[in-house]
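S.K.: Chains as they are written, first to last, in this note's numbering: chain A, 1 to 288; chain B, 1001 to 1390.
Since the hints were derived computationally from the structure, they do not count as laboratory data.
Among the hints, a few may not be true.
As the list claims (entries may be wrong) - Across the chosen pairs, the derived CB separations fall in these ranges:
(1) B:Glu1285 with A:Ala98: 47 to 53 Å
(2) B:Gly1137 with A:Pro111: 43 to 49 Å
(3) A:Arg99 with B:Lys1075: 31 to 37 Å
(4) A:Pro204 with B:Lys1152: 23 to 29 Å
(5) B:Asp1133 with A:Ala98: 25 to 31 Å
(6) B:Gly1137 with A:Leu85: 37 to 43 Å
(7) B:Phe1014 with A:Lys124: 48 to 54 Å
(8) B:Ser1200 with A:Gln196: 35 to 41 Å
(9) B:Thr1113 with A:Ala269: 42 to 48 Å
(10) B:Glu1116 with A:Ser140: 56 to 62 Å
(11) A:Pro111 with B:Glu1116: 50 to 56 Å
(12) B:Glu1116 with A:Ser97: 41 to 47 Å
(13) B:Val1184 with A:Gln196: 23 to 29 Å
(14) B:Glu1116 with A:Thr199: 24 to 30 Å
We put the beta carbon where it would ideally sit given N, CA and C, even for glycine.
So the chains spell out like this:
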Amino acid sequence: MKRESRRSIREVLVSLPSLFWLSLFFIIPTLFVFAIALKPANPYGGIGSGWTWDNFRSLASPNYLIVAWRTLWISVLSAAVCIILATPIGYYLARVSARWRGFFLMLIIVPFWTNFLIRIFAWKVLLHPEGAIKKALALSGLISPQASLLYNAGAVVLVTVYTFLPFTILPIYAAAEKFDFQLLEAARDLGARRLQAFTKVFLPGIRRGLITAVLFVFIPALGSYVIPDIVGGPSGEMIGNKIAQRVFVDRNLPQASALSVVLILSVLAPLLTVLVLQRKKEKPEALL
Amino acid sequence: MSEFLEFRDVSKRFGTIQAVDGVSLGIKKGEFFSLLGPSGCGKTTMLRLAAGFEYPDAGRVILDGQDITDLPPNKRKVNTIFQSYALFPHLTVWENIAFGLRVAKRSKSEIETEVEAMLQLIRMSDQAHKKPDQLSGGQKQRVAIARALINKPQVLLLDEPLAALDLKLRQRMLIELDMIHDQVGITFLYVTHDQGEAMSLSDRIAVMDSGRIEQVGSPAEIYEAPRTSFVAAFIGDTNFLEGEVTGLVENEYCQVKIADIPGVICFNDKSMKPGNPVYLSIRPEKIHISRDRPEESSRRNIVSAIVEDMIYLGSTTKYWVRTHGLRVQVLRQHFRFFLDEKPIRWNDEVWIWWHGDDGFMLDRYRAVDEHLVALPPRKVGEPEDNNEKR
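Bound-form chain A, shown alone (with noise of 0.2 Å):
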């Protein structure tokens, strides 16, 4: 008994430098966020004096409803085609011969040589209404001359999938490399397809890997705001695109902080799920 309290001071102890740099750096300024939600703005673009719930219940309007349903559902789709993607990816990389792996885990990192910034002006490029891509789409008649590529929410999709595909396909890949192989084997042994062994076997062999992967997209993508604001246009906006024009444009900071704290909760909420999830699967284990 006595031993046991005397290592959980120590582990209190060891885990203090970084508890006060996550409190001096998040969780503090997390909570001045909150508090200033509830505060009202004045006119000059600083904060008013008093407490008061005007900042939330403005965001009822249709207005960020619909921005917060976009945010939602380009987050929601990004997820899912980067895990459609990259769990195939994944899947290769964890039986291909070891000097392949190696060449084509670098052709995933390679790109984060370059800024992030410069890549998505890349796409700019690329999908330009006078590029090579929107012209040979427009030729070969799979969109109509007047349709753009840019400035929508597609773009926005196609460069938040862009962006955070590497992360999905490392968690997959890492998972996929612990997966045992045989396992696929005595599948079809017992008289499974491909498919089925693949479905039934490998997908929740690398469950934990993938649901890493989910939350590296969806929850970068529900704050996103450099994509959108590059490529997005005012039909690709996002919450995150809201926030930056209450601060910068209407000197509104109260009014961004309660976008912030919604943002914030609604990342929260799919995270805890998941946690508790988890640990109320692995319990049994953990009793043995």
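Fit chain B to the supplied structure of chain A, relying on the hints for placement.
M.R.: For chain B alone, coordinates are given in the frame of chain A:
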């Protein structure tokens, strides 16, 4: 009886390694058949060819008269027990066993009755809702067997299924496997490097080496009448004595000169002629040892020797004796123990003798088999050759 599972001139190459080299082999219905050989001999590849995980470079695989070479694993009426069991870690014991029936889209009630029956067969009804990582090695093994058998395969393929278990458990599972084979009566193709397993379970054994089959036969045939020096050395212990045929005795036997021992009598099953070089293989337990000179009798070879090393093993004692510059291993079974009998000790002069029928003349072993036939060890205490036969 005709062949049930048949390999016809099957070959398979991996890169530069010829894993299976033109093997033809027939396995009868209901038989417990073992593929026995050192690692890398191609036995597992044979099993994977039968399961459909590998496609042969040449040759056909035939099951019950049907050519299954081109069928994918899920279309073959064979099931595999993997060395690592390969139980699905995210499914319970119950779900693991039900897997085959579920992908076959069988009705719910049918699945339930069959899974319960299987759980009873492996005596694990009370463990049905555990996950594989909560089971012991032996239990995992039994689940793997149930999961395969529930599909009613025509042939059950077992890939070193006992290799991961400890000795006592292995012995119990051996008996259990044997019982299951008797109960379900399907054909077993069993791959192992362990001669003990193969000997005790099999109706017939194929000894493999370097992608080829050295000999097929019943355990007793393989042990008592090895056809090649590889088989003689791989199955059990043996003494290899190099010599030359010097004459024939009544055509059935020949006289062999070994070192400077003239006229060793040996059964001539290979129609050797005088002048032929031979390797004489004699099992250690076929050689008798005593302090007193035995009576002369026809076809009995009697040689005097000096005891160099001995190991007392309880039911038996192993002796290494030197005679005419040769080191010979002798195994003596203790039938009864006389306290007043003067035991054989180091450096004692003894007589060893064996019957002419107990020696086998074999071809010279190949250079690659040297490590297998490096018998006997030079000195007691050196790692025994047996342990390296993996």
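S.K.: All hints, please: hold or fail.
M.R.: Each hint, compared with the structure:
no.: 1; hint: B:Glu1285 with A:Ala98: 47 to 53 Å; verdict: 49 Å, holds
no.: 2; hint: B:Gly1137 with A:Pro111: 43 to 49 Å; verdict: 46 Å, holds
no.: 3; hint: A:Arg99 with B:Lys1075: 31 to 37 Å; verdict: 34 Å, holds
no.: 4; hint: A:Pro204 with B:Lys1152: 23 to 29 Å; verdict: 26 Å, holds
no.: 5; hint: B:Asp1133 with A:Ala98: 25 to 31 Å; verdict: 28 Å, holds
no.: 6; hint: B:Gly1137 with A:Leu85: 37 to 43 Å; verdict: 40 Å, holds
no.: 7; hint: B:Phe1014 with A:Lys124: 48 to 54 Å; verdict: 50 Å, holds
no.: 8; hint: B:Ser1200 with A:Gln196: 35 to 41 Å; verdict: 38 Å, holds
no.: 9; hint: B:Thr1113 with A:Ala269: 42 to 48 Å; verdict: 44 Å, holds
no.: 10; hint: B:Glu1116 with A:Ser140: 56 to 62 Å; verdict: 60 Å, holds
no.: 11; hint: A:Pro111 with B:Glu1116: 50 to 56 Å; verdict: 55 Å, holds
no.: 12; hint: B:Glu1116 with A:Ser97: 41 to 47 Å; verdict: 45 Å, holds
no.: 13; hint: B:Val1184 with A:Gln196: 23 to 29 Å; verdict: 26 Å, holds
no.: 14; hint: B:Glu1116 with A:Thr199: 24 to 30 Å; verdict: 27 Å, holds
In terms of the numbered hints stated before, the structure departs from none.
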